[in-house]
Amino acid sequence: MLEAISRFREKHGEILVLFTILAVTVLAIAVATGGGFLSIKFLRSMAFQLPMLGLLALAQMGPMLTGGIDLSVISTANLSGIVAALILTSMTGVPAIIVAVLGALLTALGAGVLNGFIIAIIGVSPIIATLGMMIFLRGVALVVTRGSIISGFPESFLYLGEGTLAGIPLPLIIFIGMVAVFATIIAKTPYGLSAYMIGSNETATKFSGVNTTWVKFRTYLTSAFIAGITSFIMITRYNTAQAGTGFSFLLLTVLICVLGGISPEGGVGKVTGLILAIVILQVISSGFNLMGLSSHLASAIWGVILIFALFLNKLIFLEERGNA
Amino acid sequence: MDEGVFLEATNVSKHYGGVTALEDVDMGINRGEVHCLVGENGSGKSTLVKIITGVVRPESGARIEIEEEIYSSLKPIQSYEKGIQVVHQDLSMFPNLTIAENIGIGQYIEHGRLFVNWSDIKNRARKAFEQLDVEFALQTRLGDLSLADQQLVAICRALASDAKLLIMDEPTASLTQEEVHRLFEIIRGLKENGVTTLFISHRLEEVLEIGDRITVLRNGRKVDTLNKDEATKDDISYLMTGEEIEHEYNLEGYEENETLFKVENLTDGEHYKKVSFEVARGEVKGIIGPLGSGQTNLALSLFGLNSPEEGKIILDGEEVHLDSISKAMNLGIGYVPEDRLTQGVVLEQPTDNNLILTSLEQFTSSSTGLLKEDRQTEFVEEAVEEFDIKIGDPEDPAISLSGGNQQKVVVAKWVSIEPKLLIMNRPTHGIDIAAKGNIYDLISELAAKGMGIILISDEVDEVIENSHNTMVMKEGQIVDKIKSEELSSEELYNELTSSEVDIK
Amino acid sequence: MISKELLKRTEFYLLIVIVIISTVLTIITDQFLTFSNWFDLLRNNSFLGILALGELVVLISGGIDVSFTATATVAQYAMGIIISRYVGNLFLAFLIPGVIGIGLGSINALIIFFTGVPAVVVTIATLNVFNGLLQFTTGGKWIYNLPASFKNFAQIKIVEIPQPDGWPVGLSILVLFWVGAIILTWLILNRSTIGRKLYAMGGNDEAARRAGFSIFRLMLFAYCYMGFLAGIASVVQAQQNQVIQPNAIVGRELDVLAATVIGGASVFGGKGSVLGTVLGVLLLAIVRNGLILLGVSSYWHKVATGLIILVAVVVMALQRKFRSEAAA
Chain A
1 MLEAISRFRE
11 KHGEILVLFT
21 ILAVTVLAIA
31 VATGGGFLSI
41 KFLRSMAFQL
51 PMLGLLALAQ
61 MGPMLTGGID
71 LSVISTANLS
81 GIVAALILTS
91 MTGVPAIIVA
101 VLGALLTALG
111 AGVLNGFIIA
121 IIGVSPIIAT
131 LGMMIFLRGV
141 ALVVTRGSII
151 SGFPESFLYL
161 GEGTLAGIPL
171 PLIIFIGMVA
181 VFATIIAKTP
191 YGLSAYMIGS
201 NETATKFSGV
211 NTTWVKFRTY
221 LTSAFIAGIT
231 SFIMITRYNT
241 AQAGTGFSFL
251 LLTVLICVLG
261 GISPEGGVGK
271 VTGLILAIVI
281 LQVISSGFNL
291 MGLSSHLASA
301 IWGVILIFAL
311 FLNKLIFLEE
321 RGNA
Chain B
1 MDEGVFLEAT
11 NVSKHYGGVT
21 ALEDVDMGIN
31 RGEVHCLVGE
41 NGSGKSTLVK
51 IITGVVRPES
61 GARIEIEEEI
71 YSSLKPIQSY
81 EKGIQVVHQD
91 LSMFPNLTIA
101 ENIGIGQYIE
111 HGRLFVNWSD
121 IKNRARKAFE
131 QLDVEFALQT
141 RLGDLSLADQ
151 QLVAICRALA
161 SDAKLLIMDE
171 PTASLTQEEV
181 HRLFEIIRGL
191 KENGVTTLFI
201 SHRLEEVLEI
211 GDRITVLRNG
221 RKVDTLNKDE
231 ATKDDISYLM
241 TGEEIEHEYN
251 LEGYEENETL
261 FKVENLTDGE
271 HYKKVSFEVA
281 RGEVKGIIGP
291 LGSGQTNLAL
301 SLFGLNSPEE
311 GKIILDGEEV
321 HLDSISKAMN
331 LGIGYVPEDR
341 LTQGVVLEQP
351 TDNNLILTSL
361 EQFTSSSTGL
371 LKEDRQTEFV
381 EEAVEEFDIK
391 IGDPEDPAIS
401 LSGGNQQKVV
411 VAKWVSIEPK
421 LLIMNRPTHG
431 IDIAAKGNIY
441 DLISELAAKG
451 MGIILISDEV
461 DEVIENSHNT
471 MVMKEGQIVD
481 KIKSEELSSE
491 ELYNELTSSE
501 VDIK
Chain C
1 MISKELLKRT
11 EFYLLIVIVI
21 ISTVLTIITD
31 QFLTFSNWFD
41 LLRNNSFLGI
51 LALGELVVLI
61 SGGIDVSFTA
71 TATVAQYAMG
81 IIISRYVGNL
91 FLAFLIPGVI
101 GIGLGSINAL
111 IIFFTGVPAV
121 VVTIATLNVF
131 NGLLQFTTGG
141 KWIYNLPASF
151 KNFAQIKIVE
161 IPQPDGWPVG
171 LSILVLFWVG
181 AIILTWLILN
191 RSTIGRKLYA
201 MGGNDEAARR
211 AGFSIFRLML
221 FAYCYMGFLA
231 GIASVVQAQQ
241 NQVIQPNAIV
251 GRELDVLAAT
261 VIGGASVFGG
271 KGSVLGTVLG
281 VLLLAIVRNG
291 LILLGVSSYW
301 HKVATGLIIL
311 VAVVVMALQR
321 KFRSEAAA
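Residue numbers (this note's numbering), protein chains in the order written: chain A, 1 to 324; chain B, 1 to 504; chain C, 1 to 328.
This is chain A alone, in the form it adopts within the complex (with noise of 0.2 Å):
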């Protein structure tokens, strides 16, 4: 039995520290918030809040797991999100919708081909790489936009982001179902496995015969299609495009990973992990938001929550190499 808890511990300890976090940072805002937190109505806005980060996160969580990393999460999902709004200005009617769905999709997906040609073909570090690109493309998002704010979008587009399903926000929905197929990928698929395979050791990975360029380029695929559709949700969350938008959130995705569990150094982290983190940080800010203290206040919480963390796992897996 003790064997039981302890090899669960074991297997499962960055699990257990979330989800004490996460009760503790609830408990805490249900007595400050005197149970306002509790309401329907805070509940709901959180759901409508959380999916937007929570894709980004998922986009870089797959770059994490094989050891690198995509500074330009964010500013993928930004150009796409620009063309989108660009396209749904200057055209009328479903077609509009489709060819905005269309075209953000493609812009997301020629970011991710760059990524992955300059990481996985041409092998320049994936820190170095994708903050070149996140600096390009934001240089594009402001030259296509002339730096000015597009809005207007047509209602039956507006409603990805602000409509309900029986009652369940449609981002809420999106989220769920982007983040079962990528849970899904990345742990049942051999290319889930060869990815995990390669952030621990590469160059096994390659002798063992998996193609591990194909590996690479597919992960920073993934990750800007991930930012494309996270793109949607952006627009018609502020229901405007703009150059720029949504770049505070880019250290914060790294930061939500690693509180999650996934390793900066690769091959670990599931996404169970990383859902535990969003939400804390949903709560935490929302939370805040609620008793209306500053937003800043909530950031610099939540990265002392993780420097916290990183003790404290630090501290666990002190422990662990005691006992063995």
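Incorrect hints may appear among the rest.
Stated by the list, open to error - Straight-line C-alpha distance at most 27 Å; calculated DSS-like pairs for lysine-lysine:
1. C:K321 <-> B:K273
2. B:K327 <-> A:K188
3. B:K312 <-> A:K206
4. B:K122 <-> C:K8
5. B:K372 <-> A:K188
6. B:K483 <-> B:K233
7. A:K206 <-> B:K372
8. B:K122 <-> B:K164
9. B:K122 <-> A:K206
10. B:K327 <-> C:K321
11. B:K436 <-> A:K206
12. A:K206 <-> B:K390
Said to hold, decoys possible - Not close to chain A: a few residues of chain B, all C-beta gaps over 12 Å, as computed:
13. E67
14. Y80
15. R113
16. T225
17. V320
18. K327
19. A328
20. G334
21. R340
22. S359
23. S444
24. D461
25. E475
If you're looking for bench data, these hints aren't it; they were derived computationally from the structure. We put the beta carbon where it would ideally sit given N, CA and C, even for glycine.
Based on these hints, arrange chains B and C on the given structure of chain A.
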């Protein structure tokens, strides 16, 4: 040369948790001798070195006397001040710095030094060059040198810090035969200048050639210290393992006419040239040669990683062009790499996933694209059984397995694709005797099933006992082809160590 | 005579690219090669140039820091409050940010050392903490009422060149801080034992440990030095703008990283030089300047910067690939 004891260690023990790394070891090193330390992996060699260099504290009760001074444990700085210097197996040098700076780096930890004295650093380097009678360009980046030259620079660094006892940890592990000779000359030269050497190696031929005395460790205990004259290779390996190595070799015969694989005049323009040989079904072809003779590059070419410039590769009567690993794999070629830790297994990942890594398609449902977990479980259970892999939970990371079992995982994952030809590059490197026996049994079993096997090794007996035919490779060329059963260890060893390369 | 060593150096290629771009700009625009343009260019890039030198030291040590923009903001704001409300002392204006920078840098080093988590993650976290707390406590308010001594200082010119049309153009004293940081960083990296140990640690940290270096002290030095330069840069930035805005600096951390990487520093550690970093900053500055002089809309600046980074890193990666293939 002054006689007498330089270092005398008595009652040295070290426990890590419940594991005993060293138990009550006594050992003396005389001034000016070349003292060899041998033992299998995990016998406590590196722990002993760490205690001598002050990196690890021994259990209380230890007594270490160095030049009349007595310590119960050493601090790194005390060891340093006594003139004890280590040339680590991985060299522990700085590839991004210049040769001069690597040698003179000791200057930076001198007490209270704030600024670099560049001319002093260069002088230290030049002085060390003189002592060793070598010459390098001071401003060259260390990383631009060959490994052997980097090792010489590492020795220079030790000398620049006034080494009296030079500890060399597996110094020949990645040297070519030529370079080993040069290293031995240098060790002899140092000996004449009164420098004592502690030489750690698992290659008994070398130990017998260079050592004055040989200390054998087994399971953390000292078994014996022998004089060079009274020791034979068999004695030492008996002392190391505690068992007569009596492995029963069951290599069966094969049909010589059934050619499976043929290489004609293969040349990669750099590492090997004009290599021609044939492998029949069920044949084990041994390739032996000093390290760095081009065997690994040849193996990689046959595995799709190092495209040859000229020559033909013929598999099953058809010429093939191997320009990627996946191509080689699909044609039925498997490769057990020489470096298990970096190329063989993914240590941090689950063992079961490691086992299916070469054959992911087999475990993928064609309709959904998902992995079939039940098939995987079934396969893993079979493999664990068939290859006798000692394992707890198959989902535990491969790092939790012993070296020998990790190697079995590597072999198992390649056998699972049912290759026609399996290339094994130093498959028993760094694993214990029992696991070696398992690997040897596997080789004969696979050959009996009709698989062609290329066995690359630098151990004479391994090749003779486990192959039908032996090819000797030197400086990128096949210099000899002999039936293994007609070979004796001595003959082959002499052929390997003779410096001439004449193609028979 | 071009030696083989020279051909291996990133700085050499950077210099060639800079010379070519400058020559082209000199031919097609009248203003590029003028004192007034260059004095402005140097003044406007001193802030970035100083930060890049700090990042260089951290990269050489094998780490990375993206929190320095928050460090600079905190240091600058604290300085602003003290000199505008309490003592308008110019010396304090430089001392306070320097000390705060060192303090925040040491927090980074402590967390990185004790958790063993990659520096990029830790500094992203501290970026959030430092910046979040500052924005929260200040409410984003600007500080305008800087003392006169602070304002006058920014007007000092170290060189003045008379112009035919009357008004002389001068080189701002702010550039001296960049020059000072260049000299100091060069001395540390090339002449001090700490600097050489940093290179060694970035090249092989295990070997550095075995050689008896204190890894913790070296890390502490690298991140504190970054913090110190962030503090100094923040004063230069405040001098330049004569107003302190809590949201002006954060967000530029990756621009600085980019300049350093273009200059040949490696995110894997042990590599990079002061000359390369200065050239990296100058290349980006000259291109931006050239685009402005050519009347290209400012929207294109980021595109150009992004392209330069991508081309530079692709070329460097290809060079490495061919060299390792030739060596293999």
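Each hint, compared with the structure:
1. C:K321 <-> B:K273: 24 Å, holds
2. B:K327 <-> A:K188: 25 Å, holds
3. B:K312 <-> A:K206: 25 Å, holds
4. B:K122 <-> C:K8: Holds, at about 23 Å.
5. B:K372 <-> A:K188: Holds. B:K372 to A:K188 sits at ~8 Å (cutoff 27 Å).
6. B:K483 <-> B:K233: Holds, at about 24 Å.
7. A:K206 <-> B:K372: This hinted pair holds, its Cα atoms lying about 22 Å apart.
8. B:K122 <-> B:K164: Holds - the C-alpha atoms of B:K164 and B:K122 are around 21 Å apart, at most 27 Å.
9. B:K122 <-> A:K206: 43 Å, violated
10. B:K327 <-> C:K321: Holds, at roughly 23 Å.
11. B:K436 <-> A:K206: Holds, at about 26 Å.
12. A:K206 <-> B:K390: OK: A:K206 and B:K390 at ~26 Å, within 27 Å.
13. E67: 37 Å, holds
14. Y80: Consistent with the label, B:Y80 stays out of reach of chain A, its closest Cβ about 29 Å off (over 12 Å).
15. R113: The claim stands: B:R113 keeps its Cβ more than 12 Å from every Cβ of chain A (closest is about 34 Å).
16. T225: At about 33 Å from chain A, B:T225 clears the 12 Å cut-off, so the statement holds.
17. V320: 16 Å, holds
18. K327: Answer for B:K327: violated, closest chain A Cβ roughly 10 Å.
19. A328: Given that some Cβ of chain A is not farther than 12 Å from that of B:A328, nearest at about 8 Å, it is violated.
20. G334: 9 Å, violated
21. R340: 9 Å, violated
22. S359: Violated: least Cβ distance 9 Å, not greater than 12 Å.
23. S444: Per Cβ check, B:S444 is outside 12 Å of chain A; nearest 25 Å; holds.
24. D461: Holds, because the least Cβ-Cβ distance between B:D461 and chain A comes to about 27 Å, which exceeds 12 Å.
25. E475: Given a closest Cβ separation of 26 Å, the condition holds.
Violated hints, listed in ascending order, are 9, 18, 19, 20, 21 and 22; each of the other numbered hints is respected by the structure.
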